[in-house]
Structures are given as structure tokens and as C-alpha cells.
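Visitor: Please take these sequences and the hints and turn them into a complete structure.
One letter stands for each residue in the lines below.
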Amino acid sequence: GAGVSQSPRYKVAKRGQDVALRCDPISGHVSLFWYQQALGQGPEFLTYFQNEAQLDKSGLPSDRFFAERPEGSVSTLKIQRTQQEDSAVYLCASRSDTGRQETQYFGPGTRLLVL
Amino acid sequence: DAKTTQPTSMDCAEGRAANLPCNHSTISGNEYVYWYRQIHSQGPQYIIHGLKNNETNEMASLIITEDRKSSTLILPHATLRDTAVYYCIVPQGSGNTGKLIFGQGTTLQVKP
Numbered sequence: 001g002a003g004v005s006q007s008p009r010y011k012v013a014k015r016g017q018d019v020a021l022r023c024d025p026i027s028g029h030v031s032l033f034w035y036q037q038a039l040g041q042g043p044e045f046l047t048y049f050q051n052e053a054q055l056d057k058s059g060l061p062s063d064r065f066f067a068e069r070p071e072g073s074v075s076t077l078k079i080q081r082t083q084q085e086d087s088a089v090y091l092c093a094s095r096s097d098t099g100r101q102e103t104q105y106f107g108p109g110t111r112l113l114v115l
Numbered sequence: 001d002a003k004t005t006q007p008t009s010m011d012c013a014e015g016r017a018a019n020l021p022c023n024h025s026t027i028s029g030n031e032y033v034y035w036y037r038q039i040h041s042q043g044p045q046y047i048i049h050g051l052k053n054n055e056t057n058e059m060a061s062l063i064i065t066e067d068r069k070s071s072t073l074i075l076p077h078a079t080l081r082d083t084a085v086y087y088c089i090v091p092q093g094s095g096n097t098g099k100l101i102f103g104q105g106t107t108l109q110v111k112p
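Quick mapping for you: the protein sequence lines, in order, are chains S and L. Counting from 1, one number per residue, gives the positions in the first sequence under the numbering used here. Counting from 1, one number per residue, gives the positions in the second sequence under the numbering used here.
Hints should not be assumed to be uniformly reliable.
To be verified - One-sided excerpt, in silico: chain S residues whose CB lies under 8 Å from chain L:
#1 Y48
#2 E52
#3 A53
#4 L55
#5 R95
#6 Y105
#7 P108
What the hints assert, rightly or not - Below, computed lysine to any residue pairings styled on SDA-like, alpha-carbon distance capped at 20 Å:
#8 K57/S - F102/L
#9 K3/L - S58/S
#10 K11/S - K69/L
#11 K57/S - Q92/L
#12 K11/S - H40/L
#13 K11/S - Q42/L
#14 K57/S - A38/S
#15 K69/L - G50/L
#16 K14/S - Q84/S
#17 K3/L - T103/S
#18 K3/L - G59/S
#19 K52/L - K78/S
#20 K57/S - T97/L
#21 K3/L - K14/S
#22 K78/S - A20/S
#23 K111/L - N30/L
#24 K14/S - Q83/S
#25 K57/S - C12/L
#26 K3/L - Q17/S
#27 K3/L - E31/L
#28 K52/L - T103/S
#29 K3/L - Q41/S
#30 K3/L - E44/S
#31 K69/L - Q42/L
#32 K52/L - V85/L
As the list claims (entries may be wrong) - Quick list of the computed label-pair ranges, beta carbon to beta carbon:
#33 F66/S - N57/L: 31 to 39 Å
#34 T72/L - L39/S: 23 to 31 Å
#35 N57/L - G16/S: 15 to 23 Å
#36 N23/L - E71/S: 25 to 33 Å
#37 P7/L - E71/S: 38 to 46 Å
#38 A53/S - Y46/L: 21 to 29 Å
#39 T107/L - V12/S: 22 to 30 Å
#40 L115/S - Q104/L: 27 to 35 Å
If you're looking for bench data, these hints aren't it; they were derived computationally from the structure. Every residue, glycine too, gets a C-beta built ideally from N, C-alpha and C.
Guide: See the structure below:
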């Protein structure tokens, strides 16, 4: 299967710990997005990469959240000093950008629980 | 930037057609309408998208009104596995950033 993959699928962290969430996009996809989904809510945009460039980080809730995509492929979302309100599902999506149309394909998400 | 409005929830009998409406009255001429769904504990799944013309694929049909201010997603023969939250989305952002604003979506319950 050549879909978007994310790891780990589940993460339990103690408050104050740092966590790193990985996204492997579909091979060759130029754009990569991170979204956060709180329980019972729709996903909310966090940040966007075009290749290795982070072009939009307007959705990152605080400076504890940091994302990178150094080689324009795999991306990592890092959360420093986790808080209970960071508990959510973190979704990654990728997009090919070969044409005008903008279909994003999502991974299964990483469910983060901060205790 | 176009926003969408959907009913909070809908029920459908198994085997019948499910018709999910969406209003996007502020959509501009070059913006597409996308539909995704999210089955419990899974990532959002792309269903279909369209600009002006009606579209059909193996999953669903999309009917867009002539003025493009609303659309309807049709699942022709709903099954229990179609129970999910359905999102109607117009991608946002200048320069084709295209971030998705999901809203609350429509929770479709397919009943036996």
C-alpha cells in the first residue's frame, strides 16, 4: 500500500514530556499538512509544507509545537513540554500538486494522550 | 473564503440512497467542492470533488446546483459501513495552500 503512514499510532505521555510524531507521505507528494482533531470535533489545520519549506504555520497553537520536513519527504511534528490539552488525534495529509485540483490524502492519525 | 453549512445528523435505511446536502453560498467561481468522510477512529477518507458539473465515481455521486451555491452527495445504496461523519469542504487559502476547514460535518447513521 502506498498511502500516508503515521507512527506511532498511539502515544501516552506524562505531562511535561516531549513527543515526536512521524508522517510518511505518499511518495512524490509535494505538499504535506498536519491537522489536530480533539475528541468529538472536526480536524483543525496546524501547518503546511511545500517540499521542505514550511509555508503556513498559522494553526500551531503555541511555540511548544514545532514541525519539520528537512528533505521534503518525511515530516515530524514535535510537541515540547506536553500539556493535557494537547491530547488529541494528530493527522497528516499529503497532496501531489500535479494539477489544479487539491485532493489531500490522510493517514490514520496518531492518538496522543497526555496524563 | 467559502464556508459550508451542513445538517448535524441524518439517518438512512440500509440499501436506500443517502442524500447529504451542503450549502456553500459564498463559493467563488474557481473553487472546488470536496467531500470527505471519517469513519470512527480512522483518518478522513476522500470521496469525491467537483467544480461545476455533476460527478460520479465508484463511491458516490456529487450534484452541484447551477449557481454553485449548494451541492448534494449521494450514496446510491447505503450500507452499514457507510456510517460516518461526512464533511463538505471548500479548500481555503490564497496561492493554493488549500488547507481544509472541516467544521462539524453531518453524522450519517445507516440503520438496518
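Visitor: Next, verify each hint and record whether it holds.
Guide: Comparing the hints with the structure gives:
1. At its closest, the beta carbon of Y48/S sits 6 Å from a beta carbon of chain L; the interface hint therefore holds under the 8 Å criterion.
2. Evaluation of the E52/S hint against chain L yields a violated restraint, the C-beta minimum of about 16 Å exceeding 8 Å.
3. Violation of the interface hint for A53/S is found here, the shortest Cβ-Cβ separation to chain L being roughly 12 Å, above the 8 Å cut-off.
4. Of the supplied interface hints, the one on L55/S holds, with its beta-carbon coming within about 7 Å of a beta-carbon of chain L, less than 8 Å.
5. Interface hint at R95/S: satisfied, since its Cβ lies 7 Å from the closest Cβ of chain L, which is below the 8 Å cut-off.
6. Proximity of Y105/S to chain L holds as hinted, the smallest CB-CB distance being about 6 Å (cut-off 8 Å).
7. The criterion of a C-beta within 8 Å of any C-beta in chain L is met by P108/S, whose closest approach is roughly 5 Å, and the hint holds.
8. Distance restraint check for K57/S and F102/L: the Cα-Cα separation of roughly 17 Å lies within the 20 Å cut-off, and the hinted pair is therefore satisfied.
9. Between the alpha carbons of K3/L and S58/S the distance comes to roughly 18 Å, so the proposed pair stays at or under 20 Å and holds.
10. A distance of roughly 42 Å separates the Cα atoms of K11/S and K69/L; the hinted pair therefore is violated under the 20 Å criterion.
11. With a C-alpha separation of about 14 Å, the suggested pairing of K57/S with Q92/L holds against the 20 Å cut-off.
12. Between K11/S and H40/L the alpha-carbon distance is near 18 Å, which keeps this suggested pair within the 20 Å criterion.
13. A threshold of 20 Å between alpha carbons decides the hint, and for K11/S with Q42/L the separation of about 16 Å falls inside it, so the pair holds.
14. The straight-line distance between the Cα atoms of K57/S and A38/S is roughly 18 Å, inside the 20 Å bound, and the hint therefore holds.
15. For the suggested pair K69/L and G50/L, the alpha carbons sit about 13 Å apart, so the restraint of at most 20 Å is met.
16. Taking the CA atoms of K14/S and Q84/S, the gap is near 9 Å; set against the 20 Å cutoff, the hint holds.
17. With a C-alpha separation of about 18 Å, the suggested pairing of K3/L with T103/S holds against the 20 Å cut-off.
18. A threshold of 20 Å between alpha carbons decides the hint, and for K3/L with G59/S the separation of about 18 Å falls inside it, so the pair holds.
19. Restraint check for K52/L and K78/S: not satisfied, since their Cα atoms lie roughly 40 Å apart, outside the 20 Å limit.
20. For the hint pairing K57/S with T97/L, the CA-to-CA distance comes to about 11 Å; that is within 20 Å, so the pair holds.
21. Straight-line distance between C-alpha atoms of K3/L and K14/S comes to about 38 Å, which puts the hinted pair past the 20 Å bound.
22. Between the alpha carbons of K78/S and A20/S the distance comes to roughly 4 Å, so the proposed pair stays at or under 20 Å and holds.
23. Taking the CA atoms of K111/L and N30/L, the gap is near 37 Å; set against the 20 Å cutoff, the hint is violated.
24. About 8 Å separates the Cα atoms of K14/S and Q83/S, which keeps this hinted pair within 20 Å; it holds.
25. Only pairs whose Cα atoms come within 20 Å are accepted, and K57/S paired with C12/L is rejected, the gap being roughly 39 Å.
26. Note on K3/L and Q17/S: the hinted pairing is violated, with a Cα-Cα distance of about 37 Å set against a maximum of 20 Å.
27. With a C-alpha separation of about 11 Å, the suggested pair K3/L and E31/L falls inside the 20 Å cut-off, and the hint holds.
28. Between K52/L and T103/S the alpha-carbon distance is near 17 Å, which keeps this suggested pair within the 20 Å criterion.
29. Simply put, K3/L and Q41/S have alpha-carbon atoms about 17 Å apart, close enough for the 20 Å limit, and the pair holds.
30. In summary, the hint linking K3/L to E44/S is supported, as the alpha carbons are separated by about 14 Å, within the 20 Å threshold.
31. Note on K69/L and Q42/L: the hinted pairing is violated, with a Cα-Cα distance of about 30 Å set against a maximum of 20 Å.
32. Proximity of K52/L to V85/L is assessed by CA-CA distance (about 24 Å); at most 20 Å being required, the pair is judged violated.
33. For the hinted restraint 31 to 39 Å between F66/S and N57/L, the CB-CB distance of approximately 38 Å keeps it satisfied.
34. In this structure the supplied range 23 to 31 Å holds for T72/L paired with L39/S, their Cβ-Cβ distance being about 29 Å.
35. Remark: the range hint 15 to 23 Å for N57/L to G16/S is contradicted by a beta-carbon distance near 47 Å.
36. In this structure, N23/L and E71/S break the distance hint of 25 to 33 Å, their C-beta atoms being roughly 42 Å apart.
37. Checked against the given bound of 38 to 46 Å, the beta carbons of P7/L and E71/S, roughly 44 Å apart, stay inside it.
38. For A53/S and Y46/L, the hinted distance range of 21 to 29 Å is satisfied, since their beta carbons lie about 24 Å from each other.
39. For T107/L and V12/S, the Cβ-Cβ distance of about 28 Å falls inside the hinted range of 22 to 30 Å, so the restraint holds.
40. One distance hint, 27 to 35 Å for the beta-carbon pair L115/S and Q104/L, holds here, with the actual separation near 28 Å.
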